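**Student:** Listed below are the residues making up each chain.
2 protein chains.
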Amino acid sequence: MTKLTTVKKFRQIKPEIRILGIDDSVFIPRTKGKADIVGVVYRGGQWLDGIMHTKIEIDGLDATQKIAKMIKNSPHYKQIRVVMLDGMTFAGFNIVDIKELFQKTGLPVITVTREKPNFEDIKKALKNLPQYKKRWKIMKNAGETFKIQTREGEEPVYVQVAGISETDAEKILKKTSTRSNIPEALRVAHIIASGLAPQKEKE
Amino acid sequence: MTKLTTVKKFRQIKPEIRILGIDDSVFIPRTKGKADIVGVVYRGGQWLDGIMHTKIEIDGLDATQKIAKMIKNSPHYKQIRVVMLDGMTFAGFNIVDIKELFQKTGLPVITVTREKPNFEDIKKALKNLPQYKKRWKIMKNAGETFKIQTREGEEPVYVQVAGISETDAEKILKKTSTRSNIPEALRVAHIIASGLAPQKEKE
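Here the protein sequences come in this chain order: A and B. Using the numbering used here, the first residue of the first sequence is number 1, and each one after it goes up by one. Using the numbering used here, the first residue of the second sequence is number 1, and each one after it goes up by one.
Derived from the structure by calculation, the hints contain no laboratory data. It is possible that part of the hints are untrue.
It does not matter which identical chain is used: a pair holds within one copy or between any two.
Below, simulated DSS-like cross-link-like pairs (lysine-lysine); rule was C-alpha separation at most 27 angstroms, straight line [what the hints assert, rightly or not]:
#1 Lys116 - Lys133
#2 Lys34 - Lys55
#3 Lys14 - Lys175
#4 Lys32 - Lys55
Here the structure is a predicted model, which is why all the values come from computation and not from measurement.
Could you build the full structure based on these sequences and the hints that come with them?
**Tutor:** Written out as structure tokens, the structure is:
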């Protein structure tokens, strides 16, 4: 594999740029087993083009590899321009190495969270898990956190990036946050992933 | 239960009217087991508000009851104004009684298909299944099929209705078919339901 050393440059960001938004489904924390990951292909902030899914281990170490495989096996792969993640940790503390995900897929990656990540708290939590050092290294590998104001008069979001400049990430986030301060691909990925959780039987 | 004898009248159809679009997931025909049903709450033809799901028996007789229960248990129930179904048969020949679904939920029901249903072919197929007469009765209970031109210069769709006039159904279909000749709630329900099918493992 040729290592991608530069960031992807976006000369023009079309309103219908295809974004893949990724989130995880609800699961019972600190249990054994797998959790669903849902990927939603959105045309800018406008409409849904497709969906993909995979499973990763709760508190496991396979998120990066499984998500890369899900993306590359998708019929939408060639059309997607950017991957957005609802944070870096899925299914508990199964952390995505965003630089490696960029290397594996050739697609820039942007993590988006509503709260500023508190790395001291995360560090403490990671210490309770096997392979703490490896996890912490993946976490640190994501680099600096940027604050981005996606919509006027609304709460900002916090992002980390791989394979894309902060400036381009900001432009894409602003263009695709059409219904809330979160890019539409991620807002919808969250609704779908949480809506698919097993439902309680009620009569 | 008070029987609803009249149709719901829509004095005004807001562009953001909440529509529930329902479709089934891919399954292996004529096998035993259950298939997933996905319901998508859409604001008119504009954006996704929520999702719900249930399971029904392949070639079973529980579609009406399970879908009614899914709708009534959803936190979106009170906001939904119309239910749209991708045809009348789900998970093989598990047929929805649209008049009964209207009675159970109080929500008007519109079935939408791209092809004109061929009832002679359906009748023949139903004869291979247990409780043929019951199934055929449910099918006939849906009444007349109407042809509706949702978008200028595109293929028409075919609908059957319960609890709503043909005129109101036509208005709602035209207003919500924003990306194709199919109302957005159904287009997206189809993408989500088929995208959730188990994926082949590829390396």
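**Student:** Quick check: which numbered hints come out false for this structure?
**Tutor:** Violated hints: none at all, because every hint is consistent with the structure.
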